[in-house]
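As given, the protein sequences belong to chains A and B, one line each in that order.
When the letters of the first sequence are read in order and numbered with our numbering, they come out as residues 584 to 798.
When the letters of the second sequence are read in order and numbered with our numbering, they come out as residues 584 to 798.
For the record, the hints were derived by calculation from the structure and aren't laboratory data.
Heads up, some of the hints might be wrong.
Note that the list lumps identical chains together, so a pair holds whenever it fits in one copy or between two copies.
[To be verified] Keeping only pairs whose Cα atoms sit at most 25 Å apart, straight-line, the calculated DMTMM-like set for lysine to aspartate or glutamate is:
1) K787 with E590
2) K688 with D762
3) K688 with E618
4) K787 with D717
5) K737 with E607
6) K787 with E654
Protein chains: 2
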Amino acid sequence: MAGYVSEAVIRRLPGYYRHLCELEAKGVEQISSQELGRQMHLIPSQIRQDINCFGGFGRKGYGYNVASLREHIGEILGLDTMHSVIIIGAGSIGSALANYPDFHKDSFDILALFDIDPALVGTKIGGAPVYSMDELDAFLAAHHVDIAVLCVPKQAAQSVLNRLETGGVNAVWNFAPVDLQHETECSIVENVHLSDSLRVLSYKMAHPEKEPTKE
Amino acid sequence: MAGYVSEAVIRRLPGYYRHLCELEAKGVEQISSQELGRQMHLIPSQIRQDINCFGGFGRKGYGYNVASLREHIGEILGLDTMHSVIIIGAGSIGSALANYPDFHKDSFDILALFDIDPALVGTKIGGAPVYSMDELDAFLAAHHVDIAVLCVPKQAAQSVLNRLETGGVNAVWNFAPVDLQHETECSIVENVHLSDSLRVLSYKMAHPEKEPTKE
């Protein structure tokens, strides 16, 4: 394992993982970096370099064993470990995530949702119970939670983050449209900005003549 | 304007845009690349380089005028142009997007949603009407649609994409968990994989000692 891995490499790993899962489902047993590059619109030498960040893999003249590489990248991504998850905010985004079938497959176990709306409290979404925000601190004291998914309005995000950190949650997947500041050294915040992706689409519509190569 | 702009630069633009909007809202009038870099955890020379891709901007010793740079990047992203949008699939993700307040601000105008569920057809979500999938082709013949947001199950995605392309929609924002193949040269597909971001979070939890610098 290499000591330093750049953010760009880390962000490409899930793409490899997804593509290898699809190849495995299709019964493909081996693939060369050339063919993988052709299918994923990436440069083969970059694929080899990315994968080599995490130790040698693949054999010259043979390429990669699809199942082993998928498993290897899954382990690097930590997908072999079960993660307990709570969702804060059971509005439309929170509910959509609770119902998203892919998370369950990936060893992300949704324990509960939390909301301030009394009409939602006591219901179930995607099989998980919805509790009141008032119950959050007691819940965190009683349960180990690996990841909190933040689906609250912008104004509420920072104060909820502080409560989560006090309650010992070290990883936050943030859908509130704000870049959160985390206070402690050990906490990890992954901000999702859906608008960013729509704006990239808008850019590509405005500049149709420029088809960039992937970096 | 530079002819070639890399995918990595394009993907950083929405982050600059968001950050500049926040600075503008706070009444900040000018900012140096050093200060912008500190706030955004980016290297100042990279910021200057990214912005210079689109022509000279900023003055030595003064930095950037926040409002002008925000407007300039907004124009580069095509956010000064109104885009008409339809959402295919009015399930939880589709509804969440129809209710997302930020899209309206950005000159994305949601004309309608489409779904196969008779219980949803005839209702309104986020102010926009829900039509039957059977009405899609006639709708596309009667209305100019810039962007279709695809929120249908994996199995349905490719066939819906083909219908959209036949109907003259050239840009697709795809939330179906599959990398779509587009058939025509002129169409643009931006795939959103929510799982990718969760997997990056999982990676960072599994490798807490490695804090990468942003690339």
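Hint by hint, here is what the structure shows:
1. Within a single copy, K787 and E590 get their C-alpha atoms as close as 23 Å, and across copies as close as 10 Å, so both meet the 25 Å cut-off.
2. Taking the shortest Cα distances, K688 and D762 sit within 25 Å of each other only across copies (18 Å), while inside one copy they are farther apart (28 Å).
3. In this assembly of identical chains, K688 and E618 lie within 25 Å of each other by CA distance neither inside one copy nor across copies; the values are 27 Å within and 42 Å between.
4. Taking CA atoms no more than 25 Å apart as the test, K787 paired with D717 passes in neither setting, with 45 Å inside one copy and 30 Å between copies.
5. In this assembly of identical chains, the alpha carbons of K737 and E607 lie at most 25 Å apart only when taken from different copies (17 Å versus 40 Å within one copy).
6. Taking the shortest Cα distances, K787 and E654 sit within 25 Å of each other only across copies (18 Å), while inside one copy they are farther apart (34 Å).
Checked against the numbered hints given earlier, this structure breaks hints 3 and 4; the rest are met.
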